[in-house]
Structures are given as C-alpha cells and as structure tokens.
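Student: Here is what each chain is made of, one letter per residue.
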Amino acid sequence: GENVEQHPSTLSVQEGDSAVIKCTYSDSASNYFPWYKQELGKRPQLIIDIRSNVGEKKDQRIAVTLNKTAKHFSLHITETQPEDSAVYFCAASLYIPTFGRGTSLIVHP
Amino acid sequence: EAGVTQFPSHSVIEKGQTVTLRCDPISGHDNLYWYRRVMGKEIKFLLHFVKESKQDESGMPNNRFLAERTGGTYSTLKVQPAELEDSGVYFCASSRMTGGYGYTFGSGTRLTVV
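Chains as they are written, first to last, in this note's numbering: chain X, 1353 to 1461; chain V, 232 to 345.
It is possible that part of the hints are untrue.
Straight-line distance between alpha carbons at most 20 Å, and here's what the computed EDC-like set of lysine to aspartate or glutamate pairs gives [claimed, not checked]:
#: 1; chain 1: X; residue 1: Lys1409; chain 2: X; residue 2: Glu1367
#: 2; chain 1: X; residue 1: Lys1423; chain 2: X; residue 2: Asp1401
#: 3; chain 1: V; residue 1: Lys285; chain 2: V; residue 2: Glu299
#: 4; chain 1: V; residue 1: Lys282; chain 2: V; residue 2: Asp261
#: 5; chain 1: V; residue 1: Lys309; chain 2: V; residue 2: Glu288
#: 6; chain 1: V; residue 1: Lys275; chain 2: X; residue 2: Glu1391
#: 7; chain 1: V; residue 1: Lys272; chain 2: X; residue 2: Glu1357
#: 8; chain 1: X; residue 1: Lys1374; chain 2: X; residue 2: Asp1411
#: 9; chain 1: X; residue 1: Lys1374; chain 2: X; residue 2: Glu1357
#: 10; chain 1: X; residue 1: Lys1394; chain 2: X; residue 2: Asp1436
#: 11; chain 1: V; residue 1: Lys246; chain 2: V; residue 2: Glu314
#: 12; chain 1: V; residue 1: Lys275; chain 2: X; residue 2: Glu1354
#: 13; chain 1: V; residue 1: Lys272; chain 2: X; residue 2: Glu1354
#: 14; chain 1: X; residue 1: Lys1394; chain 2: V; residue 2: Glu299
#: 15; chain 1: X; residue 1: Lys1423; chain 2: X; residue 2: Glu1367
#: 16; chain 1: V; residue 1: Lys246; chain 2: V; residue 2: Asp261
#: 17; chain 1: V; residue 1: Lys282; chain 2: V; residue 2: Glu299
#: 18; chain 1: X; residue 1: Lys1420; chain 2: X; residue 2: Asp1436
#: 19; chain 1: X; residue 1: Lys1420; chain 2: X; residue 2: Glu1354
#: 20; chain 1: V; residue 1: Lys275; chain 2: X; residue 2: Asp1379
#: 21; chain 1: V; residue 1: Lys275; chain 2: V; residue 2: Glu299
#: 22; chain 1: V; residue 1: Lys272; chain 2: X; residue 2: Glu1391
#: 23; chain 1: V; residue 1: Lys285; chain 2: V; residue 2: Asp255
#: 24; chain 1: V; residue 1: Lys275; chain 2: X; residue 2: Glu1357
To be clear, the hints were calculated from the coordinates, so they are not data collected in a lab.
Note that the structure is a prediction, hence the values are computed from the model and not measured.
Assemble the whole structure, with the sequences as input and the hints as a guide.
Tutor: And the structure:
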C-alpha cells in the first residue's frame, strides 16, 4: 500500500519568514495530493491540492510543488503570520488518501 | 451546507468498557470514512462506507472495532472492549466522490482509555 513520509515534524519560524514542509510517497499510481490544515481543537481543512498532471499550484501565500519522478511534493508558505500556526498534513491518494504524520508549524510574532 | 458532525467530542473510559462514536456526514455524501490519529502519528485510515456498504475495512485494527452505517446515513464506530492503545482522535470524513476529492472532516472524537 501507499506510504507517506512527512518532514519536519515541528517547524518554528518568525513571522514573515517562509515555511516549507516536504512529503514523499511510495505508490507511483497516486494521482491526487491534498494538504490539510488543522488548527487547535478544530477539524482538518483542505487548504490546497494538486493533481499529478500539474507540477505547481499557487494560491496567494501558499503553493504546492510536485515532482512525480522523485515522488515528492512540498507545501510552501510565504510571509508567514501567527494565524498560520497549526498542524499541516499532506496526503497522497489514488482511491483512499494516505496521510503523513503531520507538521506542527509555529509562527512567532 | 451543514458540516460533518461527530459526537461525543471527548470520551474517557476505563479499559474493558465499551464506547460508541457517532458520525453524521454531509447530506448527500454517499462516501463516509473513519480515520484515527494517535498522538504524533499519521491520520490512519480505518474504513470506508459507500452508502450502507463497507467498501474497504482494511484499516480496522482488530475485531474489537465494529462500524455500521444503517440506512446509509449516519455511522457508528463501536469499540468493545476498549484497550489502552485505542486512545486517540477518531475522525470521520465524508465526500460525494471517491479518490480523496472533496473530503470534509468532522472535528473528531478524542478517546482516552484509562
């Protein structure tokens, strides 16, 4: 089955810095890669996703890149703000998404 | 539209007791999924319903876990008897499509077995 590795487990940045979270997956058949943000005590919510026929997608301060050959994808957040503090999960999916372990992002004011 | 609703939000039970978690999906979402996250680990798939049928239950840890979705609406996940290692946050998600698209998660049930 699919295996998703996510790094780092914790990421601490200063407000205004950039943050990058990286994931690798094992099943080359996976074709959909969503990213979820879970704020403390709330539900995981989709923030951006990318399909395997696209290499990069951007939405304001967040972007996702996908390298199908290397089987890795990354989330980039620019100009971080304290409200970006949350746990971020990557996932790889063909049928049922397989999630990574999550990255706890802390943005210090 | 109303979101995915889970209750209880928290449950603390003793080892050996029974607990039943409930999930109400978004109306019209045929696909319903149960996941579990143990502290610091991945959100791990447990099972998938399409309407009232179990499409994939490959992630269910053992036969102490029983999921049902009678009538294809809400779903329950019963743990009987509960063990310490069952502690974690149990998430439910629903979607119209398969493939991971359009997932909406509930807020989860935090289960603590003591």
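Student: For every hint, state whether the structure bears it out.
Tutor: Checked hints:
no., hint, verdict
1, X/Lys1409 with X/Glu1367, "violated, 23 Å"
2, X/Lys1423 with X/Asp1401, "holds, 15 Å"
3, V/Lys285 with V/Glu299, "holds, 8 Å"
4, V/Lys282 with V/Asp261, "holds, 5 Å"
5, V/Lys309 with V/Glu288, "holds, 14 Å"
6, V/Lys275 with X/Glu1391, "holds, 19 Å"
7, V/Lys272 with X/Glu1357, "holds, 11 Å"
8, X/Lys1374 with X/Asp1411, "holds, 18 Å"
9, X/Lys1374 with X/Glu1357, "holds, 8 Å"
10, X/Lys1394 with X/Asp1436, "holds, 14 Å"
11, V/Lys246 with V/Glu314, "holds, 5 Å"
12, V/Lys275 with X/Glu1354, "holds, 12 Å"
13, V/Lys272 with X/Glu1354, "holds, 16 Å"
14, X/Lys1394 with V/Glu299, "violated, 25 Å"
15, X/Lys1423 with X/Glu1367, "violated, 30 Å"
16, V/Lys246 with V/Asp261, "violated, 34 Å"
17, V/Lys282 with V/Glu299, "holds, 11 Å"
18, X/Lys1420 with X/Asp1436, "violated, 27 Å"
19, X/Lys1420 with X/Glu1354, "holds, 14 Å"
20, V/Lys275 with X/Asp1379, "holds, 17 Å"
21, V/Lys275 with V/Glu299, "holds, 19 Å"
22, V/Lys272 with X/Glu1391, "holds, 16 Å"
23, V/Lys285 with V/Asp255, "holds, 16 Å"
24, V/Lys275 with X/Glu1357, "holds, 13 Å"
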